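When you get a sec, could you build the whole thing from the sequences and use the hints?
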Amino acid sequence: MNAETSKTIAIDLGEVCGIAAGGRSYMLAGQVRPQRKRGETIVAMLLKTLNEVQSALGAARVIYTQPKRSSSAGSKRAMTADLTGVIREWAEGHGLSCTSIAEPNLKKRFTGNGNASFELMIAEAERRGFRPAGKAEAFAIALFHLAFVGQEVDGDFLSPLAEAL
Numbered sequence: 001m002n003a004e005t006s007k008t009i010a011i012d013l014g015e016v017c018g019i020a021a022g023g024r025s026y027m028l029a030g031q032v033r034p035q036r037k038r039g040e041t042i043v044a045m046l047l048k049t050l051n052e053v054q055s056a057l058g059a060a061r062v063i064y065t066q067p068k069r070s071s072s073a074g075s076k077r078a079m080t081a082d083l084t085g086v087i088r089e090w091a092e093g094h095g096l097s098c099t100s101i102a103e104p105n106l107k108k109r110f111t112g113n114g115n116a117s118f119e120l121m122i123a124e125a126e127r128r129g130f131r132p133a134g135k136a137e138a139f140a141i142a143l144f145h146l147a148f149v150g151q152e153v154d155g156d157f158l159s160p161l162a163e164a165l
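If you read the sequence shown in my numbering, its first letter stands for residue 1, the second for the next number, and so on.
Please note that a few of the clues may not be correct.
To be verified - Calculated cross-link-like contacts (lysine-lysine; reagent style DSSO-like; alpha-carbon spacing at most 30 Å):
1) Lys48 with Lys7
2) Lys108 with Lys7
3) Lys37 with Lys48
4) Lys135 with Lys48
5) Lys135 with Lys7
6) Lys37 with Lys135
7) Lys135 with Lys108
Rather than coming from a laboratory, the hints here were simulated on the basis of the structure.
Since the structure is predicted, the reported quantities are computational estimates derived from the model, not experimental observations.
Rendered as structure tokens:
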């Protein structure tokens, strides 16, 4: 993987989206939270942020978490499906490769536990030297980290540590 193709934007989708972006030797991370009082939507905020990050970084790929499917129907699941479509369309429009990893697989590869709690994900990010502001940022950091530790295979990541876990 050369320096150009290693530039990555990692996104955790949800009501608050986590974003981690950078290359092999650097990363910036944060959260995208709409200001409801100003009438902002998560889609508008996410697209604005992605455009700013892409303009500064020139990423070659986008990786996002695929939330686990819940049995409860409703607006949260519909919103996540909408965000997935928005991300894929945005990446395609910018000529970027776009892959996803299922949330339980991300948890397993980052913590060793596919059912890891949000607190454990945050603690693991902290153990690795990061200071996430919350769950969304911790997940984005985990996703970004795995993009460089492991190898991308058919939209999934295989960590060299996976055999040991």
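Worksheet entry | Index of numbered hints that the structure contradicts, given in increasing order | none
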